[in-house]
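Sequences and hints are given; from them, build the entire structure.
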Amino acid sequence: MRITVPMARVLSAFLSDVDEDRYGLDLMRLTGLLSGTLYPILRRLQESGWVDAEWEAIDPAAEGRPARRYYRLTAQGADNARTALAELHAQTSTGTRTAGEVRPA
Amino acid sequence: MMSYRISQWLVDFASRRWSDHEETAREWRAELHELAALGHRGEMLRFAVSLAVSRPFFDRGIRITAAALLLAPVAAMVLWVLSHAAAIIFSEDLFMNIIGEWAFWLSETATYLAMLALAIWLALLARSWARHNPLRSPLALAVVVVIPSVPVLVFSASMGNMWRLDRALPELLIWPLGFALTLWAAASTKRRWTAWTIGLIGAFITAQVAIMSVMTHVTTPVDWAVSPLWLVSYFNYRAQMVNDVVSPTPEFYLMMTPYALSYVLTARRTPM
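Chains U and G are the protein sequences, given in the same order. For what it's worth, my numbering labels the leading residue of the first sequence as 207, then goes sequentially. For what it's worth, my numbering labels the leading residue of the second sequence as 3, then goes sequentially.
Keep in mind the hints are simulated off the structure, nothing from the lab. Heads up, none of these hints are tricks.
Quick look at which bits of chain U chain G covers, simulated, 3 or more residues with Cβ under 8 Å:
1) 233-247
2) 264-276
Here are some, though not all, of the chain G residues that point toward chain U, as calculated from beta-carbon distances under 8 Å:
3) 29
4) 31
5) 32
6) 33
7) 35
8) 36
9) 39
10) 49
11) 52
12) 53
13) 55
14) 56
15) 59
16) 61
Since the model is a prediction, treat every value here as computed from it, not as a measurement. By construction, the Cβ of each residue, glycine as well, lies at the ideal position given by its N, Cα and C atoms.
Structure, rendered in structure tokens:
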């Protein structure tokens, strides 16, 4: 899978706490990405098996809000993400640094 | 309140372009609800507008479906050309050396048999592509299979005699319409073999009527009494004039029919 700078940001956000479930707004705040950039990345990660998605098990009436869709790195996804970010880091530290450079978490 | 409604409308609009749109809309509405509860109107609108203007995400199934539907008619055309190329390279010389006067007829027969074999191969491939199609409605499936084949049919008609295309309009209307109706009828039938029978008979009748519509433009006398046999005689080269006038669209029909039937019937029977 091609790792773009926005995708690297998303992977870094997930890796900052691999046991934490994340939802869309949460990831937008962590990465600074717009929704129109974030969600296609999440779907690509899901399709590649790097991320699992699950609906929050709550009673919306009792909570006073609809259920969120939570995302979490799979075990394989976490390994792949670490490798991909390390490779990206190696490439950017040997080449020209750009404004969008991302370091692995 | 107004900004919440506008945002909801925008995320609903955006989600309809995504492949799993119901789940997606539910997710985004939940996010909007949170922003609205926090009173972040600007963020809410930015969230919705960003999704509305971004490129939608199509999952692998949709991408396979689009590629199959758009490329299969082109593949049919390419396989048709390959059949003829193979016949030119191998058959004519080979048959000419062995049996002289029958060479041409044998060469043509070998070409059509090769074409039929490749058409069946395309139909077998179509079974795996069709399982990714999210559509189950017989009419919708018939339409999405036939529409991408129309440009290739027009191109195919233009490959015949140069005068042919301007007189081919009835054929270019009859075949897509008749074939779509055939696929619709076949896909609406529950039993597999009945569906295939309806499909093959319907495709034959449609192709027959389509080539008859081309023959109405012929100025030389034509024996209309044998017209129901024109499609058959085309493929065993017994009616030279018919071949000269209608070629090569019957070959495109031959290539497309097994693929389209296989695709539509498999998609129709694939569980959601």
